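Student: Sequence:
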Amino acid sequence: MDFPITELKKEAFPARLLEIPQPPKTLYIRGQLPPSGLKILSVVGSRKYTTYGKQVVEELISGLASYPIGIVSGLALGIDSLAHQAALDAQLYTLAIPGGGIADEVLYPATHKPLAQKILTSGGGLMNEFEPTFKATNWSFPQRNRLVAGISHAVLLIEAGEKSGTLITARMAADYNRELLVVPGSIFSSQSRGTHQFLKLGATPVTCAADILDILNIDTSQTPKTITLPELTATEAKVIKTLPEPTHRDELIRALNLPISEASQLLMMMELAGHIHCDNNVYRSNI
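Heads up: the sequence shown at position 97 corresponds to 93 in the numbering used here, and the numbers run straight through without jumps.
There may be inaccurate statements among the hints.
Subject to a maximum C-alpha distance of 25 Å in a straight line, what follows is the list of computed BS3-like cross-link-like pairs (lysine-lysine) [claimed, not checked]:
hint, residue 1, residue 2
1, K44, K196
2, K109, K131
3, K5, K237
4, K44, K114
What follows is a set of in silico ranges between Cβ atoms, one per label pair, in the way DEER data are often shown [what the hints assert, rightly or not]:
hint, residue 1, residue 2, range
5, A8, G59, 28 to 36 Å
6, K21, G198, 27 to 35 Å
7, K5, R250, 53 to 61 Å
8, P138, T231, 47 to 55 Å
9, Q261, Q193, 43 to 51 Å
Please keep in mind that the hints were generated in silico from the structure rather than gathered at the bench.
Being a predicted model, the structure only gives us computed values, none of them experimental.
Where is the CB? At the ideal position from N, CA and C, for every residue including glycine.
Full structure from sequences and hints, please.
Tutor: Pasting the structure below:
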């Protein structure tokens, strides 16, 4: 499916981008801008993420499903792409602001063209101020970062080394009076040094999705609709009850006490139905 590139008129610019010290003079969009009424959470982090960082992205964003939140990131390797994919999995709106133009032939990194297409087909968007065929260069990434910070209501920092470029976006969030949220990491990990710098400076620590919802002032009194256990078969309900936390495939099959072929078919059907998802043979519940 083709998604044409449109140059936005000034009156169509996202309002929060007009508040920053150096607002964009031009903006190009493919797909859809964030719908009005969404709270925008920009998610940033290291290209060299750890297993912990990946789990954090998936856990926090899945916990935002069904709430009026949009996820913005930069389409880069690492935490950025994980955030976009987690938003797609949670059926949340997501906007990518890459480091170069948004035409297919220059999208950076090129390996994320399929991800960009998934974002577009899901009702999300690609946006930037650069000419559509502009090729990303060293200076364009820091310039792009101000849009990632500026469009947001809050910026969530997940893993960053001591000299990570991600810290530029975090500093901009503070400068633009956006909420800066930080996920604490291991004191032994080099990918936590940058994030812990901001915790020491007073950024808000986040340890669960509820923290994000609270900071964004989102009413949680109306619980998002989920699939309830009575709608599942007894065997499917047993799978969900066995997944209070991520569980390896082998351990899950043992717990179900079913023949391997029967258990494998059950898990496959539940994954197709969207009740569970699997990554590297580790299953998580979507319910």
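Student: Each hint: holds or not?
Tutor: We went through each hint and held it up to the structure:
1. K44 - K196: Distance ~23 Å between K44 and K196 Cα, so the pair holds.
2. K109 - K131: 14 Å, holds
3. K5 - K237: Distance ~51 Å between K5 and K237 Cα, so the pair is violated.
4. K44 - K114: Holds. K44 to K114 sits at ~23 Å (cutoff 25 Å).
5. A8 - G59: 28 to 36 Å: 32 Å, holds
6. K21 - G198: 27 to 35 Å: Since the Cβ atoms of K21 and G198 sit about 33 Å apart, the hinted range of 27 to 35 Å holds.
7. K5 - R250: 53 to 61 Å: 59 Å, holds
8. P138 - T231: 47 to 55 Å: Because 52 Å falls inside the window, the suggested range holds.
9. Q261 - Q193: 43 to 51 Å: Since the Cβ atoms of Q261 and Q193 sit about 49 Å apart, the hinted range of 43 to 51 Å holds.
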